[in-house]
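Letter by letter, the chains look like this.
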Amino acid sequence: MSGALLKVEKLFCERDERVLFDDLSFEIRSGEIVQVEGANGSGKTTLLRILSGLSRNYEGEIYWRGEPLAAVREQFHRELLYFGHQPGVKALLTAEENLHWYCALHPALDPARIAQALQQVGLEGFEDVACHMLSAGQQRRVSLARLYLNDAPLWILDEPFTAIDKGGVAAQEALIARHVAAGGSVVLTTHQDLQGVEALRRINLDQQSGT
Amino acid sequence: MADRKASDRKWLPRWFYQLASPRWCYQITGKLLPVFSIAALILLLGGTVWALAFAPADYQQGNSFRIIYLHVPSAILAQSCYMLMALAGAIGLIWKMKVADMVAKSCAPVGAAMAVLALLTGAIWGKPTWGSWWVWDARLTSMLILFFLYLGVMALNAAIESEVTAAQASAVLALVGLVNIPIIKYSVEWWNTLHQPATFKLTEKPAMPVEMWLPLLVMVIGFYCFFAVALMLRLRNEILRRERRAGWVRDLLLSK
Amino acid sequence: MADLSTNPATVRPDPSLGGLFVAALKRELLLSLRRKSELVNPLIFFLMVVTLFPLGVSPEPGFLAQLAPGVLWVAALLATLLSMDSLFRSDFDDGSLEQLLLSPQPLFVVVLAKVLAHWMLTGLVLTLVAPLIAVMLFLPAEGMPGLMLSLLLGTPTLSLVGAIGAALTVGLRKGGVLIALLVLPLYIPVLIFGTGAVQAAVTGLPLGGYLALLGALLALGATLAPLAIGAALRISVSG
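Line by line, the protein sequences are chains A, B and C.
The first sequence begins at 1 in the working numbering and counts up one residue at a time.
The second sequence begins at 1 in the working numbering and counts up one residue at a time.
The third sequence begins at 1 in the working numbering and counts up one residue at a time.
Source of the hints: derived by calculation from the structure; they are not laboratory data.
Among these hints, one or two may not hold up.
What the hints assert, rightly or not - Partial list, derived from the structure: chain A residues whose beta carbon lies under 8 angstroms from chain C:
1. Asn57
2. Gly60
3. His77
4. Lys90
5. His106
6. Leu194
For glycine and all other residues, C-beta sits at the position ideal for the given N, C-alpha and C.
Please construct the entire structure, taking both the sequences and the accompanying hints into account.
Pasting the structure below:
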């Protein structure tokens, strides 16, 4: 199957009177990893939010599996995992409760895998601790546990390695590599030097911004 | 799998899509502006003179009732303007049309001003009739609430920094308000009958002689023309401001 | 792991919408109950506002009894309004709202559950406590059923409409007074029919009409408000 998963055509976005990117077009196929690069404030997070459908302040067209995004939104959301700037974790709930809610929101997920997912991010024993009692890194790991729960084809990850230690980074890189090998796709931004990951394509936003 | 473009759906007339171009809108309002300005001037001047000098005095209220020639048109306009604002907002939301957003944003202050005019003229009418500057009459109270709705839309628009988001949020609010307007009117009327045993209404009696409602009609049409002028002026400004980085705007401003 | 590049032909069937509603409701109630200190605030506010009137105007029983229906309703309305800002704010701040908007499940259901949870902890509590506070305003005993029934039917509508304002302003840093500006005009019909019901009860007239009107407003709100709330949330997160 060689059709593009996600196709972006002539994307234009401006914010605060500054054009972030203009006439941006690219495709993401299965089995690809795409890293979005650019200086701080160049619009990396904005682009990721547009790709995930959170932001609608853009001009241009986005297609998911060949259909306009607006027409297949529900299916797209089934097949997307978005890891955003904020962890999406409620401080007053425990790690388990947070992930149970995530499974309620994504009915294709199996709640029985929650315990194993938490173990794989190194939070074994912390499942029933309220998240406000965890460190910032641990809270991000609760959110990262979703990567072990959700087999969605497209992963959009915004700075997934922030506040994670070296061992954790290696584990995440391995996970991403496995996901891509099985046919999934990943779009991410990161300041880290990705070492264990091959087949990396780069999109540099500094070269994209219009005048 | 063929890629379907969103613009493949062309079941609306061509002029609708033409409207979406700010530049085209700017040009066409430029042509319409003098027409409407002259019409407004003639109708308003003529109507006012007719209303003040030539229309017969009301047998009960004497000459003070002549204020309805300002009150009724402004009340009608305040309501029409809200509907236009909500409609333009809806079009902007559904079809993502910048021009529709700009129309909605231009409508709000004009409509609010009309509402204030209606309230002031209503108060002026009330003074000789009731002896007080304000009375909690059903129509005045509804107009006051309509004014609040306008203020809400304007406040929300001003509070959100991103233009696009502000326009979308204001459109949602305007639509929610639109749905509520009949409910508010009904509830205020009901409330009024409960608390006001008054038999005399501020509205004109339904059977108005021709000599009275003809100048009123002239004034109403004149007000609509004036509203069109005010709206177009604001819209043109808004277009220039939003599109200031476009080539045609730069050429336009440089040629002046 | 299965090949992920093809279009998934079979997906595990959705759990029922009822299941999602209950899960969302439980989550909201759990979150609120773990922040116990804030639960009583609307109630205290209600009591304080009511106290302002005898202090600011006159403590004379006959006079207060006349004011009572209106004052109780206005106080309940303001107490509900003040608690609306926090409805979506915490989810917006920690990113949970984004995840909610990216869910393939219908937003309508979750929004309804959130508003219901909010009402259970503000409007419902106010309804139950109102008769006690009404005694302080010398509301006659005949007015109590009218007071409770009108609040029971009216406060959910207040929560629903207030949630629209909360959703529109959740992206702003200081939403507080702005929500009031947006929402108060829309509260007026509920206020009018609610106080009308209490007045009718006090004077011995039948309540049915007012309650039916309040019920109709609630039905309209319950069907249309979640749509507006969902649209407003998407707009706020988008910007």
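- Run the structure past the numbered hints and jot down the numbers of the failing ones, going up. 2, 6
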